[in-house]
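Colleague: Chains D and P, in that order, are what the protein sequence lines are.
Everything in the first sequence is counted per the numbering used here, starting at 1 for the first residue and increasing by one.
Everything in the second sequence is counted per the numbering used here, starting at 1001 for the first residue and increasing by one.
FYI, nobody ran anything at the bench for these hints, they're computed from the structure.
The beta-carbon is built from N, C-alpha and C at its ideal position, and this holds for glycine as well.
Check before you lean on any hint, since a few could be wrong.
As the list claims (entries may be wrong) - Dumping the calculated DSS-like pairs for lysine-lysine here, alpha-carbon to alpha-carbon at most 30 Å: (1) D:124 x P:1179; (2) D:30 x P:1013; (3) D:124 x P:1013; (4) P:1132 x D:123.
Said to hold, decoys possible - Partial selection, computed: residues in chain P whose CB lies under 10 Å from chain D: (5) 1001; (6) 1063; (7) 1067; (8) 1071; (9) 1096; (10) 1121; (11) 1134; (12) 1137; (13) 1151; (14) 1188; (15) 1198; (16) 1249.
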Amino acid sequence: MTVNSGKQATVGIVDFGAGNIGNVRRALAKLGIAHEVLKSPCGMERLAPSLLLLPGVGAFRPAMEALASSGWKDALTGWAGMGGPLLGICLGMQLLCDNSSEDGQTEGLGLVEGCVTKLSGVKKIPHMGWNSVEPSGSEFPGNCLARGGQDFYFVHSFAVSGSPHCAAVTRVDGVQFDSALRRGNVAGFQFHPERSGPEGVSFLGRAISYMVAEYQEGADKC
Amino acid sequence: MLKKRIIPCLDVKNGRVVKGINFVNLRDAGDPASLAGTYMDEGADELTFLDITASNERRATMLEWVSVVADAISIPFTVGGGISSAQDAVNLVALGADKISLNTAAVRRGRTVTECAEALGSQAVVVAVDVKRDGDAWRVFIEGGRTPTGLDGFEWCLEAESLGAGELLITSMDRDGTKEGYDVEFLRLVSRSVKIPIIASGGAGEARHALEAFEAGADAALLASLLHFGEMRIRDLKGYLTENGVPMRV
């Protein structure tokens, strides 16, 4: 596998057949970020992406099965293992974790420590709508959130909490969960920056630029 | 903290927004994408579109305007009107809609709700319930309010949740167009008994009405003519709600 070392970011959108990738594509188009939908890992050699984006909507277990059968599971762990920037959104973030209890216990990609469990103690499920995302620690990609938080659009029923790689937190009905995770070159957002208005789309652009730049700086030092 | 949502609702016929939109500085008041963009800029948290085109022409025109709207905005939107199968729903989501809303089809065949939820996840499935008060109860109407079903509104809301709805859009036909306020009694009744978000619709005439709906347990308030005719600006409405302790994205 080749990682694009040019200055212009090229995002590979991982299409494993689960989830709506159209609005992620639209957001990248608005940002003027070059991108391509990759239906299989075979497309990576040709595209030489500078970042892989893993979207996802739906349930954890069928998504992991689809990642495994399409070859993406091995490709993503290989990519992340060699330092390639990988960004998961919503279910895509959850898939980066160790496991999920949705439909029984299912193993995830294991790239970020954390367990996905049903949101409990909240009045309404799904947790749907705009909620504040507050950076936690110094790991938030690009440190590009306003201090005191910024509102993003959420829609999910399962969540991660207490991960050692938590980069931001969100609260609903007094329950706190991890709304962003980051472990080096791997990061994820539980919220949908691509559905969070122009500010959310800009934020996505900053996060991608930051992750790509950091990787390229690292590569330059080697 | 999770914010309460303000959702403008637009009726679309043959690809054009209908029911008099009266905005200043709007180049084309009938263009769904321009209006959607305007409402997004004004602070709408989501948008809902209801396609009221005659059924024989609806499918073709929907395919066009839905993807154009998706290109124009980056906030979630729901599409409803004549969706009768999971395949219809999947097609609309593939064009860029975040959620679809079922009404008549859900009542006629409850399994449709379940099939849509299985195909797209419950979060993408809104069940729209049109109710009219009948003594101490509320009755469900379908086909744009023209056809009584005899179904009990409260029972139907509970059933819709168990069939797989991720959200309920509750319209009071008694209040719709009256500007007398939402039917907070029904909203309170349903909100106490379901575990999914509910959207209040029908009757908003002033900012206080949205406050009442939220106090009754609604998670979102749908507004149409009040916003379309420029009688109220989203910014002002949100300002009022914030002052009154309702969590809002401002």
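Colleague: Determine for every hint whether it applies to the structure shown.
Modeller: Taking the hints in turn, this is what the structure says about them:
no., hint, in the structure
1, D:124 x P:1179, "holds (28 Å)"
2, D:30 x P:1013, "holds (28 Å)"
3, D:124 x P:1013, "violated (34 Å)"
4, P:1132 x D:123, "holds (27 Å)"
5, 1001, "holds (6 Å)"
6, 1063, "violated (13 Å)"
7, 1067, "holds (9 Å)"
8, 1071, "holds (6 Å)"
9, 1096, "holds (5 Å)"
10, 1121, "holds (5 Å)"
11, 1134, "violated (28 Å)"
12, 1137, "violated (24 Å)"
13, 1151, "violated (23 Å)"
14, 1188, "violated (14 Å)"
15, 1198, "holds (8 Å)"
16, 1249, "holds (4 Å)"
Going down the numbered hints, you'll see the structure goes against 3, 6, 11, 12, 13, 14, while the others check out.
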